[in-house]
Every structure is written in structure tokens, then in C-alpha cells.
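One-letter residues, chain by chain:
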Amino acid sequence: MNITLTINFNVHEVECAPSETLLSVVRRLGYFGVKFGDEGGLSGADTVLLDGKPVNAGSMLAAQAQEHLIVTIEALGEHPDQGWKKTEGLSPLQQAFVESGAIQCGYCTPAQILAAQALLDTNLNPTEAQVREAISGVLCRCTGYIKPVQAVLKAAAVMRGEEPLAWETVNWERNAPDEPPFTAPENNLPMLNVIARPKVIVAPEAQTYQTVGKPEKKVDAVKLVQGKPAFTADIDARGMLYAKVLHSPHAHALIKKIDVSKAKALHGVAAVLTYHDLPRVVYSTAGQSDPIPGPLDSFSLDHKVRFVGDRVAFVAAETPAIAEQALALIEVEYEILPAILDLRKALDNPTIIHDEPEFVDFADSNKERNLAAEIRIDIGDVEKGFAEADQIFEAEYVVPKVQQVSIEPHVCLTYWDEDDRLVVRTSTQVPFHTRRMLAPILDLPVKRIRVVKPRIGGGFGGKQEMLIEDIPAHLTIATKRPVLYEYTREEEFSAARSRHPMRVKMKTGVKNDGTITANAMYALSDTGAYGCHALTVTGNTGHKSMALYVGDGTYRESPNIQFHADVVYTNTPPAGAFRGYGVPQGYWPLDRHMEKVARALDLDPIAFRLKNAIRPGEYHPFSTAWNEGREPRPEIVQTVGLEMCVAQGKAAIGWDTKSGNEEWRQNSGASHLRKGVGMAMVMQGTAIPYLDMGGASIKMNDDGSFNMLVGATDLGTGSDTVIAQMAAEVLGAPLEDIIAYSSDTDFTPFDKGAYASSTTYISGTAAVKAAQIVAERIKARAVDMFKAQGLNVESSDLQLSNRMVIEPSGQTIPFSEIALDSLHRSNQEQIMGVASHVSPVSPPPFAAQFAEVTVDTETGAVKVDKLIMAVDAGVIINPLTASGQVEGGMTQALGYAVCEEMRYDKSGRAIERDLDRYHIFRADEMPELETIFVETFEPSHPFGVKAVAEIPMNGVAPAVGNAIRDAIGVDVDVIPVTPERVWRAMKK
Amino acid sequence: MITAYHRPNALEEALKLLSVPGAVPLGGGTLLSKPTADAIQAVDLQRLGLNTLVKSGNILHIGATLTLQTLLESEHCSDALKRALRLEAPLNIRNAATIAGTIVACDGRSPFVTALLAMDAKLEVVSASANKTETLTLGDILPLREQLRGKLITKVSAPLNANLAFDYLARTPSDSPIVCVALAGRSVGRTRMAVGGFGKCPTLAVDGNASDDLAAAARNAFHEATDEWASAEYRMDVAATLALRCKTQLTATRE
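Just so you know, the protein sequences line up as chains A and B, in that order. To convert, note that position 106 of the first sequence is 106 in this note's numbering; the numbers rise steadily by one, no gaps. To convert, note that position 6 of the second sequence is 994 in this note's numbering; the numbers rise steadily by one, no gaps.
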């Protein structure tokens, strides 16, 4: 049918199918700021304004939008300076989003801005609650909503004509370490105001930095705020086909017969592939360095399916609808096999999930036992420690399977380039691993594959996987045409990766004075149908939680710690990497257990934890025993800011006036409500020592600006920005002169990718090294140029600052002069530095997480009122991006604590398959969030950095559990802490 | 799959189009736009002028295609009904989803339809084949919604002479309810209590006097209500609690 649409005041005559959604049509017309997030409209990434109101373009037919005005992000502002053509620049909302740090991955940003625009069009003086409701239809998995709300409030102020706040000049709330803790507000201040910022206690070494430590705007913010076509699916390749996958309806079955003749005959179908058509290459989908530390147990297509959602066949067709029709025409005859859906029944079950002869063991995997990995870490002698204990405490805890829910689903476009090289444009955290891993599967050499990583709409570990790239690649090889494959939201839930669910047993021996004599954890972990990340995720469950408590006194010198785990196969969708990488699974049992032990011994729970916690100068106990399947190398922990984190967090939440205060507990306005506070102490790691490597190259341009190419993968975290800030600090250049690009396997240096909390630490150091090389060359050329002016100086006398080389008497040479001289005038050379970095250590960040809750004693409902995290992540390169990491991480962790859970029915079919049943927090239901940075200076990094991205996942759940205990005196040992679980605990 | 799209200009034209097998009324499109294997002819109702909101005496007449958000923003919408509407869907969906579409497509977890049921809402339904208008009570039609095939809801009427109380339990403040209770009390003493959070549609638990044992009625409504979200035992206990809280709300409103 032919329809007429008015989009951004432009009239478009469009031919479309009656079933085509408005989302599909506006993207066909090039309005790529409107994104796909889900089929139900609950993500809101597809927001447009229809006659001024935000609606979901994916949830309405294109034909419905006729005779209405459609507005997309492209109608708002644009880059202010377009050469000789000047524009009005960004809109106030866009400007505020850029300045407020409201953009992380940027995938939902256009939708948030449009929703906010609709509010401000009718109300220029909104309350915070009104702002939150206005953007409540747009889910954000990155930010925790604080900064987007701040941005809207700020834009409203600007639009009201109030004096624009010069964001960069705001005095960030910074304390020196010897100053008293920040104090809680004495009255009920609004939880948020326009200039709310994280608090930073600055390390002395970091006081003099020019760019490092400053709230610089993200280098990719301006394009993302305009909704520019920056993401994988935001291009149209000529002749592009659309891929769809037939998924298994059975949890465990053999494919006895598969007939694709009807599907192939359907008009518009270009290819149908089954296991008959593809080479049988066994691999692991885990995006990790070579050799992959896990079993090889996957095939692109196999004659056996191992979970509901497993792959059966691939289709490429002219349209997604035709591809869907073709799937329905594929006839498959299955022989159904017994399925294992309960992890407790997997080990040594007569049903073997992986009976293929190609299976390749890694370490202690054993397919005959359905065992993907076995971990046995023994530090000291726990039996001796238990024998020396006055009391022993044992309990079992359960943690669920949960989803990353990046708003941009997995998506990949493949095509042959003019040199017959396969280009893979994909939303991945691991472009270099993907290239290496794809090569044997496609029977192509690595050199004939180019992986391009555009902007990524969130990953959270779910894209540390070579998950779907082989599908369009096979179809491109089969058809010679570009192929786009994008997961639906249901596929995300049924066929992507998730967090390993576990059942964890704790056994702790303590002296009556609170000294831990031995601590043991056993984890039974469910990797699902494939063993990707099985060993390493579950290893970290113990490695980065059980290391926190070494004991006190002589036990501190020789701790007794045991971590054993069995990682089993089941016929459920595979687990994999998810922000925190196994560590959140460790902290729910560990910290809840510590709370119980302290209370049973009538000890102050915080003092008990600090008494036994690891301290600076001590060995990381696990570094002596385990290294992700590789040779362990002992490490000393240099910096531990835990005590200051505790002091700051306690002050911020008002711990001393609330904890154990019965009067305060009951002061909730209703007799059935009780308040409580809780806390947890956590640690994480920073990169994998002796393994994780990142590279960077920096070259100088004619105008004195610099191109910085990094293989590091900014998945919305702001890593391009903070790496550029570090380079800028070394080079004495403003951030705007560093043109950051990541990542493309043809152009950027190798980087292992975005995982293990390593990017700022590893890739950042590589960039610093490259910048130092460049700086030395600039100085060397400046020495010659100063000499030509009659000034005798040494390179070591020179300073780089403000785009200039400055000699001791104050004479300067601008970078632009150095550049022109080096490129055009004398002894020509390209000033350039290339460097890489690998670390011998993995310095742990630490944090104290606090929670305040209100519990309904009649229904068991828990409302989390406040989350405060005080973090020692070393020196903070950019407090805007770093606090965004903490706020978003706490929000994701809050879902883990109270509502997120992936379950399966008796046939193995996922119960949660959309964003209704799988609820993630919306803007209008968030608790108050606060971030405090307690800086320490980590000596193994040039700017003293440790990691910040993953640690916010670890403490929220146990802090909430402990707060519930404080409120109502009962323990819940299973998360999510649903109302019924609390109610049942109260009934006991 | 939608194979045809029509946008009729008048009710008669719409009814004629709807008389064709496979024809389905299209309100906001929030549900119908999703892919389906069935061949569907979508009949878009947006030109029929059914998006009205009129208060007539003690009755609020809500046009079938009025959006949830327009109703929420109305001065005639009580605080309790607003609460239920906010919980029904986030703003973007409320801006598109229609009143009638929500009634036709809802499951038992719908807080808005639970509230309408307590209010004793009535539907004006036009038969496509006979061009006959009939009035159906929401409670009667909810379990039998397949009987609406070939018919068109044109209006929903809800009495305003009853005070409404609403309460719910969910995993988070904006999550779909596991249990919700709506209690409508009229000055003459008649009380209607509807419960939701389970099953294919909300259920009427009480239609009688204010003196009825609301807690017992609420408990009884969830006897068989075990699903993946909660056990029947738990729902029964919570429903009784919420029923009493609603009663307290109503009492406070009257005072």
C-alpha cells in the first residue's frame, strides 16, 4: 500500500506492507535515531513524538501514522559548526544531556530526549517526579536515570531563561583524605538537584592533573545525542538480506530429518542453511584470549539441539517477514531426548548432554559427567582452621539466572568487500577475539576477515561472546550478499547468554572474638547447554569474594580459605559473561553469611568485617592458588580504601542514627511498615594479569591535533573518553584535540576487548605509553626549533601544556608549528607512537555498599529507598563517567536483588521472554542513589587507576538482604528477594 | 500477519469492514502491531470520533478509542483510578493504548480493568452484522471476550457515584501486580470489590453490602491462584490484607 507520512515536517510518500510498523518505515527513510529495543514497546527505544506525544514506533503500524505529525530526534538540534554553514546548534535538552553525563551507550538517548521534549513543550517548570514519569516509557540499562533526570531539569532551567549553569566550572565536591567524612543532609532535601554530583575524596597524587580527574564531556556524546547512525544496524547495505533463525522447540533432541524445500521455494528467500550445509567445526563462543579457558562444545549448526532456543536452521530473505514465513515452512522431525533442567540433577546423570566426539576438554571438564568445569582451590588448611574455631556457621544460598538486557540487542551485518574480504560489522565487546574465532568456523584465514565495532548499545558482558556473527557470515558466504541479523527481544531471553545461576554453600569457622579461622564456599553452578565462560565465571565467584576476608592475627598471615565448585551442563539456555563475572554470585552468600555470623556472635557487623578484611601489603590469597586455568602468580594488594569507604558511607546514610534504632525503624508512617539499613563490603579485580593486553596508536596531525586509535571497546562506558583524557594529560592537549576511534581490526591495534574491568587500566596505560612516545618526539623537535631561535634547551626542560611546548623561560612553540615543521618543512617525519600494555597485577577495587529499605510486614513487599556506594577505584579519571558506571551498576544490581529472574517451565521453555515479565527498573520507581569516590593511588598505573565498572554489581543484593534483616529480623537466603520469599521467611 | 489496513470514516463503514472474517478493530495498535501467524484485516478506528470523554450526571462515558493517558489526565479520573492507570503501562504505551483495546486484550494482571470491574463499568457494543447496539456489563463479558468477535465496543461507561480505592502488591513499584484489589463503595452501601494479578482476567470478588467480609471474599478469590509469580496461599493472604487496606482507604475518603 502507499501511504503519506509527515516526518519532521517533511512529507514522504512511502510504499509499505499493511503490517509494516512505523519503526520499520522511519528507519527505511533514514531516521536512524529511532531504535529497535523490543517488540512490546516496553523498552521505548523506538520513541517518536506523534502529534507531540511520545509513542512507540514499533508498536504501531506505519499506516496508522498517516495524517499525524511524526517527530524524531533528527528534528532537534545539530552540530553547531558545519564548516561555513553555521547552525543553531544542539537543542537545550541535547546540550544538557551532553553536559550532564546523561549519555552512556546512547542507544536510548534519542528516545529519552524526545520524551523529555514532550514534557517541556507543555511544562517548563517540571518537578523531578514529573520528569521521571515523562521518561518512564524509555528503559535505560546504563545510567540509573539520575543524570538523564538532571539533564532534563537543567534544560528546563535554561529554557525558562535562567542563567545557564556552566557545568565545567562547578566546584566538584572534593575532599582531601584527612578531612572529615561527608555528612548526611539534616533535612529532607530533594533527592536530586540540577547540580548533583558524585563526591570525590582526592588522592594527593592526583591534585595537579589538568585533564585527568575532570568531568569532561564524553567524546562521542554529540553524535549520540543527535541520534546519528552510529550503531551496527544503522546502515543500509545495497542488496541486503535479513537473517532469521529457526530455534529448537525442544530442550534436548536429535534432528532425525529436516526438509527445507518449501522454505527455499518461497519467493524472496535467498538461502536456507542446516547442519548438512556447513562444515562441522567445534568451538567455544566465549570471547576470551587464546587458548580459550573452557571446553569446545559448540557448532554453528548441529544435528542435536540442547535447549529450547538452540539453533536448527538459518534463513536469509529479502525482508524479515519473508524470512519469518520461511522458518514456518521448514519441516523438522525430532527424536526427543530426556532433558536435564535442574542443576542439582545434572552431575552424573545418565543423560549426557554433550556426547559429540568432537568435544574438546579444558582442564577438568568431563562431558561424561555433564561437567563443564571443576574447580578446587585450597589455600592454607581449612580443616585445621575449623578445628581451631569456637563456632562454625553453615548455610546454603541461592542466586538466580538473570539477563544483561542491553537495550540494543545482539546485531551483526556481514558483507564481502571489493577485495573478497569478509567485513563483519557487529555489536561486540570483543572484536579481535571475534575475528580470530570466526576464521576456522568459516574456513577463512584471519587476514581475510575484518571486524568493525561501531557504537554499542550496551553489552554488560552479554556481548563478550562470538554469539551470532557466524550466522550472517555463513549466509553471506552462501548468497554473496550482505546479511543483517538482529535478535528479537524474545531471542535475547531464549538464545543469548545470561548470568550463571548457582546454589552456594558456606561454612565459616570463627573465634568468639570474631576472628575468622577458616572460610569455605562450595558453588554448584549451571552453565546451561554450553560451557562458555563456565570455568572462569565460576572461578571468579570464589576468587574475588572469598579473598576479601583473610582472617585476623596469625590467620591474616596464613589464611585458611577453600573454594570448590562444579559447573554443570543442563538443557537450558547457556550462561556466560555478565558484568561482575561471577562475583555477584559470590557476594550474596558471602556477605549475608558474614552478617549472620556477626549477629550470632553479638558483634558489630561492620567491625567484624573490617577486622577480617584484607589490608594493604598483604598477598591476594587467591593469587597464590588460581589464575583462570593458568599458572598462578602471587600478587600483593597495594591499596585498600575500605575503611574510608565505610566511614563515608556510614556518614552519608546516617548509619549511627538508624542501625538498630527501633524508633527509627517504626517511623514509616504506617504500622505495617518497618525501615532498615544494611551494608556489604565488596571487592573486584582489575584486568587479568599477564594476559589482558591492549594497544594504542597516536599520531599528530597538521593542526597539532591527534588521532588516537585504540582496540579497546567502548560499549557505552566512556572508555574512549577516559583513555583520551589520559592521553591528553600526557600530551598537554585539550580533550577536544584527541580524536578517539575504536575499534576496527584492520586499523586499530589489538585489544582483548571490554571485559574484566580492564579498559581504563590496561588500554589506558597503552594510550599513556603511546602518548609518552609522541610527547618525546614533540619535545625533541621543539629542542631543535628552540635552538634555531637561539635558545639552548634540553628535552627534559620542556613542558607540554595548552597545545604548546614551553621552555623554562616561558618561550613557547604551538603544537601546530611542531606539526607543520615535522610534516612539511624539515627532517620530515610522522610524529607517532604505538604502544601496548599488559599488567603483572590485578589491583582490586573495594567498596562499601549501603542500603535503606522499607518492609511491609503484612505482605513481605520490600521497597528499596536508598542506595549509597562508597568506592575505592583508585584515581577517578572522569567523575561524570565513573559515577555513571556506579549509578547504572547499582540499578542493575538492584534488579538482581529484588525482581530479576529467568525461569523455565517443565519443558524447558523460558517463562520470561519479554520486558513485561522480565522487569527492569524504570525511571519512575528508582530509589535515591549516591556515589562517593574514595581515591587511592594504585602504583601499578601511571595515573593511579583501578577499575570501577563491575564492582557496583556486587554489594547491592547483600546490603538489601542485610537491611531487611535489620528491619524485620528475618533472613532471606534466596534472591531475588520477592515479596513472597520475605513473607515466607516471616512466617517461619 | 496484517494483510490489509482500512481506516473507515464512519461507524457504519467500520461495521461493514468488521463483518469480514479476519477483520479486527485497531485501536492504538500496541498489541495488534505485533507479528502473528493469522491473516488479519486491521480496521483502524481513529476517524470514528470514539475518543470522547463525557460526564453525564453520575456517569462517565469514555469513548472506546480514548487513550489511557487522556483518561488519566482527566479531571473526572479519581486518584485511585489514576494509580491503576499508571500501573497499567508506562507513559509511551498509555499515549497509544485505548480503553477498549485494553479491555479486550488484558489478562488478569491488569490493574486498570480490575478497577473498572469494581466500578461496575458497562460496555456499549455494536454488532457488525446486525448493526444492533447492546449494553454489556464488564463483569459479564470479561471471561467471554471471544464473543466480541465481529462486534465493536464504542463506549465504556463507569458510574462516578462510588468512591474507589485501589491497592496492589508487586515486586517493584512499577511492576505488574501479583495481587491487586479495587474496591468501589457507594453511599447507599453497595460495595463491589474486584481482584486482579492472576489468570486470564480480573475477578469480581464481592458485589453486596459494605458489611460483607471483604477479607474472606478476597481470600476466596485466590483459592486456585498459583502460577509462576506466586502461590495461591500467598495471594490469599495478601489479597485479604489489601482488601482491608482498601476498606480503610474508602472509610478515610468518606470521612
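These aren't lab readings, by the way, just hints derived from the structure by calculation. This one's a predicted model, so the numbers in the text were calculated from it and none came from an experiment. A virtual CB, placed ideally from N, CA and C, is assigned to each residue, including glycine. There's no promise every hint is true.
[To be verified] When the alpha-carbon atoms are kept at most 30 Å apart in a straight line, the in silico DSBU-like pairs for lysine-lysine are as follows:
{"hint": "1", "chain 1": "B", "residue 1": "K1070", "chain 2": "A", "residue 2": "K866"}
{"hint": "2", "chain 1": "B", "residue 1": "K1070", "chain 2": "B", "residue 2": "K1004"}
{"hint": "3", "chain 1": "A", "residue 1": "K863", "chain 2": "B", "residue 2": "K1188"}
{"hint": "4", "chain 1": "A", "residue 1": "K988", "chain 2": "A", "residue 2": "K367"}
{"hint": "5", "chain 1": "A", "residue 1": "K199", "chain 2": "A", "residue 2": "K214"}
{"hint": "6", "chain 1": "B", "residue 1": "K1235", "chain 2": "A", "residue 2": "K988"}
{"hint": "7", "chain 1": "A", "residue 1": "K228", "chain 2": "A", "residue 2": "K304"}
{"hint": "8", "chain 1": "B", "residue 1": "K1043", "chain 2": "A", "residue 2": "K863"}
{"hint": "9", "chain 1": "A", "residue 1": "K384", "chain 2": "A", "residue 2": "K257"}
{"hint": "10", "chain 1": "A", "residue 1": "K384", "chain 2": "A", "residue 2": "K214"}
{"hint": "11", "chain 1": "B", "residue 1": "K1043", "chain 2": "A", "residue 2": "K906"}
{"hint": "12", "chain 1": "B", "residue 1": "K1043", "chain 2": "A", "residue 2": "K987"}
{"hint": "13", "chain 1": "A", "residue 1": "K866", "chain 2": "A", "residue 2": "K699"}
{"hint": "14", "chain 1": "A", "residue 1": "K863", "chain 2": "B", "residue 2": "K1235"}
{"hint": "15", "chain 1": "A", "residue 1": "K257", "chain 2": "A", "residue 2": "K507"}
{"hint": "16", "chain 1": "A", "residue 1": "K214", "chain 2": "A", "residue 2": "K863"}
{"hint": "17", "chain 1": "B", "residue 1": "K1043", "chain 2": "B", "residue 2": "K1235"}
{"hint": "18", "chain 1": "A", "residue 1": "K257", "chain 2": "A", "residue 2": "K228"}
[What the hints assert, rightly or not] Derived list of chain B stretches under chain A, where covered just means 3 residues or more per stretch with a C-beta under 8 Å from a C-beta of chain A:
{"hint": "19", "region": "990 to 996"}
{"hint": "20", "region": "1039 to 1053"}
{"hint": "21", "region": "1129 to 1138"}
{"hint": "22", "region": "1157 to 1164"}
{"hint": "23", "region": "1183 to 1196"}
{"hint": "24", "region": "1209 to 1221"}
Keeping to a limit of 30 Å between CA atoms, is the pair of K228 of chain A and K304 of chain A held or broken?
This hinted pair is violated, its Cα atoms lying about 42 Å apart.
What's the verdict on K214 of chain A and K863 of chain A, does the C-alpha distance respect the 30 Å limit or exceed it?
violated, 35 Å
Straight-line Cα separation of K199 of chain A and K214 of chain A no greater than 30 Å?
holds, 13 Å
Apply the coverage criterion to the region 1129 to 1138 of chain B and chain A: a residue qualifies when its Cβ sits closer than 8 Å to a Cβ of the chain, and three qualifying residues are needed.
Violated, because only 0 residues of the region 1129 to 1138 of chain B bring their Cβ atoms closer than 8 Å to Cβ atoms of chain A.
Please work out if K866 of chain A and K699 of chain A have their alpha carbons no farther apart than 30 Å.
Between K866 of chain A and K699 of chain A the Cα gap is close to 46 Å, so the pair fails against 30 Å, i.e. violated.
Assess, step by step, whether the Cα of K1043 of chain B is no farther than 30 Å from the Cα of K906 of chain A, and give holds or violated.
violated, 50 Å
Are the Cα atoms of K1235 of chain B and K988 of chain A separated by 30 Å or less?
holds, 29 Å
Would you mind confirming whether the straight-line C-alpha gap from K1070 of chain B to K1004 of chain B stays at or under 30 Å?
violated, 35 Å
Just to be careful, I want the Cα atoms of K1043 of chain B and K863 of chain A compared with a cutoff of 30 Å; is the pair within it?
violated, 38 Å
Using C-beta distances, would you say chain A covers the region 1039 to 1053 of chain B, given that this needs three or more residues below 8 Å?
Not satisfied, violated; 0 residues make the cut.
Going straight from one Cα to the other, do K1070 of chain B and K866 of chain A come out at no more than 30 Å?
holds, 26 Å
Verdict on chain A covering the region 1183 to 1196 of chain B, criterion of 3 CB contacts below 8 Å:
That given contact is violated, which follows from only 0 residues of the region 1183 to 1196 of chain B lying within Cβ reach (below 8 Å) of chain A.
In this structure, the hints that do not hold are numbers 2, 4, 7, 8, 9, 10, 11, 12, 13, 15, 16, 18, 20, 21 and 23, in rising order.
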